[in-house]
Each structure stands twice: as C-alpha cells, then as structure tokens.
Amino acid sequence: MEDQEVLTTLKILIIGESGVGKSSLLLRFTDDTFDPEQAATIGVDFKVKTLTVDGNKAKLAIWDTAGQERFRTLTPSYYRGAQGVILVYDVCSKQSFAKLDAWLNELETFATKHDMVKMLVGNKIDKEKREVSKDEGLKFARKHHMLFIEASAKTKEGVQCAFEELVEKEGIDSAEEDDGTSQAR
Amino acid sequence: MEREEINERLSLLARRMEELKADIHTAITTSFTHFDSSFDTTTTLSEKVKALSEEMESLSLKINSEVKGQLSISTGDFQGLSRQLGQVTAVMGLLEKLSQAQQLLENIAQATASGKFLSAASSLQVLEEALSNPLCEREEEIKILVSLRTEQKVLKQKLIQQLNDTWKGMVGWSQVENMQKTNTADQLVDTVNKRDTDLELRQCELRLPKSSEVEQQIIQEVVLALESLGQLDRKIQTFGRQFLEYVIFALVLRWQKVEVTEAIVGQVKQVTFKAASLQKQPVHVNVFSLMESVLDMLNENLLHIKVVRHSSTDSAKVEVTLMNLLGEEIGERVLQGIVKECLSSAIPSTSKELEGFHEVVAITKKFQERLVALGFIDASSQTLLDYVQNVNVLFANKKCQGILEQARSLMTSDLHDTVQVHAGASGGELPPLDKSGGPSREKLRKMAAGIDPLLSSSCFRMPSCRISARVKELMDLAYSTLSEACTSSPQCAAQMFYAVRGIFELYCSVVPTYHAHSIANFPQLAALHHNNCMYLAHHLLTLGHQFQSSLPEGVNSTFVDIIPEVRALGATSFLEQMNTQKTIIEQYLQGAAGFVGLEEEKNHSCAAKAVKQALHQLTHLQKIWLDILPTSVYCKAIGILFNSFISDVINHITVLEDISTDAARRLVLLTKQIDDRGTTLFSTSSQETEDDIKRSAIAKAELHRHVSLWSKFMELQLVLSSSLQEISDRWSDGKGPLASEFSPSEIKQLIRALFQNTDRRAAVLAKIK
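Protein sequence lines, in the order shown, are assigned to chains A and B. Taking UniProt numbering, I'd label the letters of the first sequence as residues 1 to 185. Taking UniProt numbering, I'd label the letters of the second sequence as residues 1 to 769.
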C-alpha cells in the first residue's frame, strides 16, 4: 500500500445476523484466510484494504460488527459516516434472511449518509441445505434498491466481487448523479 | 211721746248707771280686802317650806356620806369571800384530779404489769385527756403536774413498749438471714444454716398468734390497745411493707411455688415460707392459690380482729378488720404486682392462646371475689379484672411489642449471615396479589396485543442475589404478622398492621445507625445492605395489596410510602462505598506517577506495582460482590469502578511527552494485564453453564457494555504496539475506529511521543486532521 497516490477512503460496514459469516467474508477478503471455527465478534472489528477498481485505487475502512445481540455495544456508533454497507445473510438459514428487514430498519435509523451504497450478500453457497433461493435474495435486493451477490467465504466464490462491485458503485455514485436505480446481478 | 219715752228711758239709764257704780265699788273693795289676807298666809308658808328643805338637804348629805361608805365596805367583804371560795374549790378540784390521776397512774401501771393492755390504754387515754387541759392559771408553778405529765409519758412509752414487745413476740416477719438478730430465745426454733441462704432471699418466717382462745385474747387486747394509742396503723404499715417485700415480691411473684410449713412454738404459730422451685414461667394459678392461703392464714390468726374507726366519708363509727387496714395499706400494690409479674405473662402472645384466655379471666375473677370476701380489697377495686378483661388490647399490645422487639433484635443481629434470594421465588403460601384492583382480563388482553409481546415475565421479579438471613426473617415476620392479623379481631388487626409498618420504620432508623460502621467499612456489607433494602422495598410494593382485602376496613394498608426511604437507604450507602473504593483505586494508581519514564526499571516497577494493586482491589471487590449483588448490579458497579480506573490510565498515557520503545513495550504489557483482568472481572457466575470460549466472549461483551471507555483503551493499546502505518490505517481519514475514540490532537500527541521525528511521521501527522 503505497502512499504516493491519493486514495479515497471508503467506510464500509458489514451487518447481518450472527453466524451468517460476516467476519469470514471480511477475513477472506482482507487476509485471504478462512477459519471454520471463527469466533463471534465482540463489539466491532476493523480492517483496512486497498482495492483497485477500474484503475482507481480506493482504501476501504471496513467495520465488521457483532451480529449476536448480546455482543453488540449499546450505541451503534459505527454507523456514523458509513458510505457503503454489506448486508449479509446465510442462504441456509431462512431465519437470517427474515431478519434482513430489521437490519435495514436499524441501518436507516442510524445511518448519517443518504446516498449509502447497499450490497446484499447471500453467504455459504458452498453448503447443501439451502433455504433461501437466489431468486428470493434477488427480489429482496431489488425491492430495497440494493446490489446483490451470492458468495462463499469458504470457497472464496464471489467475495472479492462483492467488495469490488460495492466500490465500483460507490465510484459511480460519487462520479455521477444517483439515478435512483440499483443494479442487481 | 217719744220724748217722754226717751226721757223715761234716760232716767232709767241714769238710774241703772248709779246702781252699777255702786256695785263696782263694792266689788273692788271686797276683792282688795281678800287679797291682803291671803298674801300674808302665803308668805308664812313659804318661809316654813324653806326651812324644811334646808333640813332635808342637810339630812341627805349626812346620809350620803355615811351610808355609802358603809356599803362599799360590805361589797369588798363579799368579793373577798367569793374569791376565797373559788380558790378553795379550784384547789379541791385540782387535788381531786391529782388523786384521780394518781389513781389512774396506779391503774395503768398495774394494768400494764398484769397485761390488761386495753384498760391500761383507756386509763392512759383518760389521764392524757385530763392532763392535756390546763388545770389552773398558774399551772407551771405546780410542780406535781409537771412530774405527773412526765410520769404519764413514761407510762405511755412503757405501755407502748410492752405492746410492741408483745406484738413483736406474736406477730412479725423475719428474713432468714436476719434471724439471729431478731429472734428472741423463745422464738428461736429454726436454726438456720447460713450456707443455705444465698444472695437471693429464698426463705422467710412469719410469726402469728396461735388460734387458741388465750392467745387470741391477748392479741385482741394488744391490737385494741395499740389502736387506742394510735399505734396500730404504724404496726400494720410495717407488717404490710414486710409482707410485700419478703413474701409477695421476694417469694410469691418471684418463685411462684412456695412451700409453707407451720409449727407451734409457745404462744406463737411459726410459719415458714420457702421458695420451692425455680419456675421461669410464672403460673398465675399458683400465685393466686398461694396468695389465698397466706391471706386465709393471716385472717384466721390475726387480721380478723376488728377495731372501730371513723368512717372516712362521714363521722359515723364503723368497725373495720385489720385485714381491711392491711388491704388499704398494700392492697393496690399487691394487685399491681400481680398484674405486672404474673398476669402480664399470662396474656397470650398468639391468637390461639387468646381463645383459651377466658379461663384465666374466670380464675382471676374468682381470686378477686375471694380477696373482696376477705376484706383485703374493696369490692370496687377493678385492677385485676380491668386488666384481664382488657385482654384484646393487652394481647395486641403484647403482640405488637413482641413483634417490634423481635424485629429490632433481627435488625441488630449481624448482617454477615446470608441467604440466596432466587429470581422469581414468590411469596409461597401467602395470599396471592389482589386481582380485583387490577385491570380486567379483557383489558390485559388488549394491553398484551398493543405492546411488544416480548416483555419478559421476570421484569418485576427480584433478581437473584444474596441478602442477610436476618432480613429474610424480618420480612417473614412481617408476612406472618399480617397473616395473623387477618384472622384477628379488627382492633387487633389494625394494631398489628401498624406494628408491621413500625417494623419498616424502625428498620430505616435502626439499621443505618446500628450498622453504620460496618456498612461504611466493609464493601461486602455495603452490598448486602443494598440488597437487603432492595429486597424489602421489592416486597413492600405488593405487601399492602396482598393483605388489603383481609384487613379491617379503614386500615389503609399500604407500604409504598416507605419504599423510597428504604431504597434510598440502600442506594446511598452503596454509592458511598463505591466512592470509597474509587478513591482507594485512584490512590493506588498514584503510585504509577503518571507512567513517566518506564524505560527505567525503578519507574517501571512502581508503575507495575500500582497497576497490580489497583487490579487487585478490583478483583477483591469482584470476589465479595459477585456472590452478593445481582449480576446486573455487580456489572454496573464494577464497570463504573473499572472505567474510572482505565480513564485515569488513559489520561496519564495520552499526555506523556515521550515514550521510548522500551517504555511502549512495557506499557503494552501493563495494558495487556489490565485487559486480561478486565475480562476476568466480568466473568460472572451466571455464565457457568457456557463453555470457556463463549464465557470469555460474554465477559468481553459485558466489559464493552459496562465500561464506556473500553474501546478507547483498546485503541490506545493498539496504538502503543503499532507501526506508523498501522496507526494511519486505523485512523483511515477519520473513518477508522481510532478516530471515533481519540481526537486528532490526542492521537498526534501520542504519535509524537512514540515515534521519532521523521518524514514518515510528518506525513502521517499531516493526514490526521
């Protein structure tokens, strides 16, 4: 990570139910590692990663939040100033998908930026017992003007892509006027 | 014709004139002649009268001078004679009285000597009366009177002395200890083994005249004589006083069971009272029968004797027995003694016993009647009956007094003894909360539909914690008292309700005062006291409702007004304790001297020691508080103290001017220690079921939740061990976590202290704004 180029720093937030693999996605992205016994996040984790998208370098300040209610801090101050958010669910858990509304609700309550880019990630597609179809995820993402991708932190599939798309969209958004339509893949 | 007539008439007139002249002349002449002679006669007579009056005058003078003189002489004579007569009469009277007195004196002496006390006394009284009036004018000159009076007094004293001796010989009390002194030879029957008498009086003796005729005669004589000499009251007083002191209070009311043995010695019946056994619980039946038998005996042998007294209300003479007199003297005190020492303990202390109390009332009534029959007390005296018939009030009073005493003794017991309070443990067999006052089921359903249905059912439960065993007992006492009140008479119930309120009011005054020292000095006791107060307040919330319907109307059964005070009591003392602990930890940390120059071993060991001490104190608090306080309260309390501690640490480190590499390394180690200990502090017992990793995770989460500066502390730890690049990344244009905990100037200060002045440092510093 060289400092000679002026980097834009983007604050990215990862939210979602506990156990959907938020920390695993982050670690796969930043460190390219995977731990099947990944411990629950307490409070908040933080990672920095520089990404080059379309020849532009962006520095991502990624906040990985605790999904488990009891490990969350009382005031979710990490929402402040967030420019992008990755909302994660587990494709093998209907329940984690059903909770997405509540997470969106919290996001809208605490977010300070209106033009925040939202990305919905359906994780754990390597697993067999799928409970949420790709279509359901896509529909939900469209309904809420979100980007959508399915991924697996374990197999690496879709992870890099998810972050890159988010940054790309962020770049478009900051370069052009937001046309109000969201892309879904 | 007329002329003629006139002439005629004229001539007639003339004639008549001539005749008249002649008549007058004669008349005048005659009268003068008579006058002359009577004048003479009168003159003569006048002279004669004059002579006579002169004679009379001289005679009268003569009489005056002579007869009056003689008269005065004879009057004087008469008076002199009268006086002589008077004197003679007085002397005779005096002599008569003297001889009478002499006679009386002899009588008295004789009667006294022969034991006829009554006649001696009456003679003495006559003599006293006789001698009390002045006999003549110049009494003081008559020496015999003086000596007579002296003699009379001597005799009186002698008589009294003799009466006293006789009385003493026949009547009296003696305490066994003093027997040697008071007993005369003939009364000395019981040789007393001194070893038997301990400090407490357990034995006393009573002398009474035998009931045979002779002795009764004698004692009657003595009593009447004493009465006529005005000495009886004093005797009865003394007798009564000793009766009270030696028998009633020392034996009857104290030991309840008293052995009575009788023996006849000469003229005297010797009665020995001996405390038989020590019964702690007074039995009123025993006391009553004992009293009756003692009074019976006294009555038979002595107190039946009657004397004549003036009635107190009018001047009529009434006969009273000695028993009456004794009763007047000590009756009320005996009754009060019985009430206080014996009946008061017969007053029931539970509602059950109350039902059996009518027997006590009946027995007391019988006893009262017996005393009235004996004449010991007046029929109008209601001391005993008033007392027992007032049993409801007495019962309530005794009950409430008992409750408060019990409560107080619980409050003044040690707080150390603890019991666990389990969350959700309800009142058990106690009446359920009154439903009627609450919202209807329909309303509840509507409410449930309207609000978040996830409201925990344990919302209003007392959390698990430890409280003093005595406080649990105190609360149980309140519950059981109110339960008992519900089945008691309305009056009693009201009083018991107020006694329960009294318990809590008492608690607010007694506990903070009595345990002030321990609460202020021992953190575990402060925590316990806090829990105790919260526990009481928790129960007070519903206590009133629970019993409202069973308590008599008009009793506004609520305790909620006491709650704020009770809560404040616990909260205040616990907060004070927190402040004390905070100060202690601050003082320990002062030893670190601001963490300056840690690269030097001396400074480092000081800092390490200070941190260790502070952490040790926190761990100590964990040990004693974790078990006692509800988990949530514990976390809050320890969180505040720990936060205050790390706040001091952060404040010290962020102002350091220079942190060498060694110092930074050592600071990291110290912060790591604090980090580890922090996690331990929040490892609470409620997490026991979880596995180790999860437990530590939960502890960390609690740490985050309750220690507001924890994130900042973690960031500081990272900064101390990070490279410039890492710090810069964590700052991330103010979008990283470092930026949300530290201000740009704070972080710049830290970077300047940690890193040497290089271009890289300048570049990083430039990016932080």
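Be aware that a few hints might be false.
To be verified - Simulated restraints on C-beta separations:
id, chain 1, residue 1, chain 2, residue 2, range
1, A, Arg70, B, His620, 50 to 56 Å
2, B, His422, A, Asp126, 43 to 49 Å
3, A, Gln68, B, Pro564, 55 to 61 Å
4, A, Thr8, B, His422, 56 to 62 Å
Unchecked claim - Heads up, simulated PhoX-like pairs for lysine-lysine below, C-alpha to C-alpha not over 25 Å straight-line:
id, chain 1, residue 1, chain 2, residue 2
5, B, Lys748, A, Lys47
6, A, Lys57, B, Lys767
7, A, Lys57, B, Lys769
8, B, Lys602, B, Lys612
9, A, Lys49, B, Lys748
10, B, Lys116, B, Lys210
11, B, Lys712, A, Lys47
12, A, Lys113, B, Lys769
13, B, Lys210, A, Lys49
14, B, Lys767, B, Lys748
Stated by the list, open to error - If we take Cβ atoms under 10 Å as the criterion, some of the chain A residues that face chain B in the derived model are:
id, residue
15, Thr9
16, Lys11
17, Ile42
18, Lys47
19, Leu51
20, Phe71
21, Thr73
22, Arg80
23, Gly81
24, Leu104
25, Leu107
26, Phe110
Keep in mind that the hints were calculated from the coordinates and are not lab data. Just so you know, even glycine gets a beta-carbon here, dropped at the ideal spot from N, CA and C.
Quick rundown of the hints versus the structure:
1. Arg70(A) / His620(B): 50 to 56 Å: violated, 27 Å
2. His422(B) / Asp126(A): 43 to 49 Å: holds, 47 Å
3. Gln68(A) / Pro564(B): 55 to 61 Å: violated, 38 Å
4. Thr8(A) / His422(B): 56 to 62 Å: Since Thr8(A) and His422(B) have Cβ atoms about 58 Å apart, the given range 56 to 62 Å holds.
5. Lys748(B) / Lys47(A): holds, 21 Å
6. Lys57(A) / Lys767(B): holds, 17 Å
7. Lys57(A) / Lys769(B): holds, 22 Å
8. Lys602(B) / Lys612(B): holds, 15 Å
9. Lys49(A) / Lys748(B): At roughly 23 Å apart (the allowed maximum being 25 Å), Lys748(B) and Lys49(A) satisfy the hint.
10. Lys116(B) / Lys210(B): With a Cα-Cα distance of about 19 Å, the restraint between Lys116(B) and Lys210(B) holds, given a limit of 25 Å.
11. Lys712(B) / Lys47(A): holds, 17 Å
12. Lys113(A) / Lys769(B): holds, 21 Å
13. Lys210(B) / Lys49(A): With a Cα-Cα distance of about 125 Å, the restraint between Lys210(B) and Lys49(A) is violated, given a limit of 25 Å.
14. Lys767(B) / Lys748(B): Holds, at roughly 10 Å.
15. Thr9: At 4 Å from the nearest chain B Cβ, Thr9(A) passes the 10 Å test, so the hint holds.
16. Lys11: holds, 4 Å
17. Ile42: The hint holds - Ile42(A) has a Cβ within 10 Å of chain B, the shortest such distance being about 5 Å.
18. Lys47: The hint holds - Lys47(A) has a Cβ within 10 Å of chain B, the shortest such distance being about 9 Å.
19. Leu51: violated, 14 Å
20. Phe71: holds, 4 Å
21. Thr73: holds, 5 Å
22. Arg80: holds, 7 Å
23. Gly81: It holds, given that the least Cβ distance between Gly81(A) and chain B is near 6 Å, below 10 Å.
24. Leu104: violated, 19 Å
25. Leu107: violated, 17 Å
26. Phe110: violated, 13 Å
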